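Protein sequences, first through last, are from chains G and V.
When the first sequence is numbered by our numbering, its final residue is 277 and no position is left out of the sequence of numbers.
When the second sequence is numbered by our numbering, its final residue is 658 and no position is left out of the sequence of numbers.
Everything labelled a hint here was simulated from the structure, so no lab data went into it.
Hints may contain errors.
Have a look at the derived ranges for each label pair, beta carbon to beta carbon [claimed, not checked]:
no., chain 1, residue 1, chain 2, residue 2, range
1, V, 604, G, 33, 42 to 52 Å
2, G, 273, V, 473, 29 to 39 Å
3, V, 503, G, 273, 13 to 23 Å
4, V, 532, G, 128, 21 to 31 Å
5, G, 273, V, 632, 15 to 25 Å
6, V, 648, G, 271, 19 to 29 Å
7, V, 547, G, 271, 21 to 31 Å
8, G, 209, V, 576, 38 to 48 Å
9, G, 72, V, 464, 57 to 67 Å
10, G, 271, V, 619, 27 to 37 Å
All figures in this text were calculated on a predicted structure; none of them were measured in a lab.
From the three backbone atoms N, C-alpha and C, an ideal C-beta is built for every residue, glycine too.
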Amino acid sequence: MSYRLIKRDLKRILKVKNLWMFVFFLISSALCYGNAAILQISPSWLDYILAVFAGRYPVEVNISQPFSDLPPLHWLVSVEGILFLSLDYPLEDLSGEGMQILLRAGSKRKWYLSKCVWNVCNCLVYFLFMLFSGLIWTLFSKGILSLKDYTDVSNMVYEWSIDPDIVTIQMLWISGILMPFLTVAALNLFQMSLCLYTKPVFAFMVTTAALIISDYYESPYFIGNLGMGIRVLAYLESGYSVIQLMIIPLVWVCVSVVAGSIRCRRMDILSRED
Amino acid sequence: MDIRLNHVTKVIRDVIILDNISLHLASGHIYGLQGPNGHGKTMLLRLIAGLIKPTEGMILYNGKPLPKGQDFPKSLGVMIETPAFWENYTGKKNLELLAEIRGSVTEKEIDEMLIKVGLDPKDKRTVRRYSLGMKQRLGIAAALMESPELILLDEPTNALDENGIADICQLIKEEKTRGSLIVVASHDADVLKDLADITYIMKEGRILDEVEK
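Isolated chain G (complex conformation):
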């Protein structure tokens, strides 16, 4: 039965509104195209992908001009876009046909766990969109169609910190793809659990605040830092292992799943009017 629940949720991933994320990634990748134009070179497919979740190094907040250094917008739009588009579905699915499914599942916990699987798979699909949008830009700019080669465009996006003697392609994949994926999935699950305790809009505000705080406070323990390729690469270079970095989002995942699961069992399923 759990398999059937998950299968049914996975079908819901291909909702039309999710295609918005593809548009967000296309816009995000435009930054890379702009940098390439400055350098007058053609970026590779990997360049486009690394640019999306690159982020930036932390900045000192200037109290007299607090808005002079805003968080990197393309990064924020990419992460927030995923969080926003995933916000409604689980709670929407507690009424109408969703309620019929829940009753047939027989257990609120099973229902919740199937939503967790849906959430992670949803993030995976968004990251496939990211790969695809990068591919489109690569073809458009007649760049190198490779996920193993990068150019000075990535070096520029990573603020000229990629030292080819130290940084391997694997490190770039981990920092630019794997860790942002784990971070976004963990934040998404956290947001979904929070929605069971409070209104979705507040849950979204909390995750947004977590991201913005992470932008200004540099530490791997502030989860948003792990969603920025540029910072993950710095952690890897300074001796953190991939496992050490992965533990933080995984702890968020575990806490979110357990907290959501407990809340879900005790929760009343009411109509929206109630």
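Starting from the known structure of chain G, arrange chain V on it as the hints suggest.
Below, chain V alone, put in the same frame as chain G:
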């Protein structure tokens, strides 16, 4: 199936929604809940279905609370709220998707249920193009198709014409003959008079009276 509600009270945001309700419901009977809108009929159905938990009191299914890990009675068919479906699929496809979860109904049985509620299994229209009455019929089909032991129906005759009401009432009576325990909430006294063996009159979350057929 046998359901007992022992002094059940439900409070939501400091408002008493259901107030000290005790009932004994047994299979092979139709029970009616009658009363104006907003007086607790739907909440009582939600409570029996397990969708909400009592603030005080207890619900026993066959003499026991629901076992750990199970939040709803196993054999349950429900139509609460206005029926909502996947609008881009046909009525039959909607029922097939729901049936997939328990995996206990064949395509033939789905077709038969659709015919029983007055819908055509071969109809290629999506639910988006259904009238309110057709959606209502489909909602009833969804609740009944798995031959559940416990059936909870909230305003099942809404949006139906006279013939439709007669058909659906007949169908509900057939389910009773099969041995199901059926609870029907309605503001329509005539429908309950025709259907219910015992009708409970509800007001402000309390059961004021019961009328036997």
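Hints, verified against the model:
no. : hint                       : result
1   : V:604 to G:33: 42 to 52 Å  : 50 Å, holds
2   : G:273 to V:473: 29 to 39 Å : 31 Å, holds
3   : V:503 to G:273: 13 to 23 Å : 20 Å, holds
4   : V:532 to G:128: 21 to 31 Å : 22 Å, holds
5   : G:273 to V:632: 15 to 25 Å : 20 Å, holds
6   : V:648 to G:271: 19 to 29 Å : 22 Å, holds
7   : V:547 to G:271: 21 to 31 Å : 24 Å, holds
8   : G:209 to V:576: 38 to 48 Å : 43 Å, holds
9   : G:72 to V:464: 57 to 67 Å  : 58 Å, holds
10  : G:271 to V:619: 27 to 37 Å : 33 Å, holds
The structure fails none of the hints (numbered hints given earlier).
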